Amino acid sequence: MDALSSLKLMTMPQMTAGVNNPLQDAAVAQAISPAEMQSLEAGASTPSASSTQPVYSFQNLLGDFVSDVSNKQAAAGEAVNGLLSGKNVSLHQAVISMEEANVSFQMMVQVRNKLLDSYQELMRMQV
Amino acid sequence: MINILPGIDSTSAALNAERIRMDVVSENIANVNTTRGLDGKPYQREQVVFESVLQAQQNSDALGSAPQTVQIARIEKDQRPPIMVYNPSHPDANAQGMVAMPDISIPEEMVDMIAASRAFEANLAVVKDARAMAMETLSIGKH
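Residue numbers (my numbering), protein chains in the order written: chain A, 194 to 320; chain B, -15 to 127.
Rather than coming from a laboratory, the hints here were simulated on the basis of the structure.
Heads up, a few of these hints could be off.
[Claimed, not checked] Distance ranges between label pairs, derived from CB positions:
1) A:ARG317 <-> B:SER36: 49 to 57 Å
2) A:MET318 <-> B:ARG3: 51 to 59 Å
3) B:ILE(-14) <-> A:LEU309: 20 to 28 Å
4) B:LEU22 <-> A:LYS280: 22 to 30 Å
5) A:TYR249 <-> B:GLU30: 50 to 58 Å
6) A:LYS307 <-> B:LEU38: 46 to 54 Å
7) B:GLU11 <-> A:SER260: 52 to 60 Å
8) A:SER311 <-> B:VAL37: 50 to 58 Å
9) B:GLN55 <-> A:ARG317: 31 to 39 Å
10) A:SER260 <-> B:GLN55: 44 to 52 Å
11) B:PHE34 <-> A:SER260: 34 to 42 Å
As the structure is a computational prediction, the values presented were derived from the model and not from experiment.
Positions of the beta carbon are idealized from the N, C-alpha and C atoms, including for glycine.
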């Protein structure tokens, strides 16, 4: 799974953010694979160096982040359900978890925008 | 989990504590005329005792010390003796016609209530500002 396909996780049914068509294209998604981004950033000429690195790649980071946001959404839903069904959840807990979910979702949207911007910038580049 | 709203854990705990304090104040006001509590004696005024809790540190490389949150340590009975009021027709009056009433002064409870509600408000302001800070920071990326 690469960076852009992990961003596709954002299109869960309850979220309204749509994903543009180009993202469906596997070739396009390959165009900025995280390995390339890493080698660009580090200036490393050997791609094998990044492949031997075990865990903390950009794609894992992004995947963790997206699932974190999803967890926050789920926690907010649970808090509101608990409040409405009379469980021991106070009003401020429910509202705060909703706010946390909202802010982290906005953060994720900003990350997506930045990624898309850089991709489009690359596509506009003259060769 | 990412911690996206700064200081939200302490604030949330404080909101909870102030809510319980409000519960106790309302209990005191509601029982101002209770001559027969659960133990058969006049109701005794209660008050909360706050204590701070050291929260488990989430990431070891975070700056500063671990955040301290607040919680209710215990709810204590006020040991004031009841006020004796002359009211011979009251069912709980003793042989001399005196009734033991709880020593609760409504103004005192009102002051406690105002303090609790202002403290709640202050913590809500922290939540609001933390949210505003996060949203403003996110708007760096917009153009």
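Of all the hints numbered above, which does this structure not satisfy? Sort the numbers upward. The structure breaks hints 6, 7, 8, 9, 10; every other hint is satisfied.
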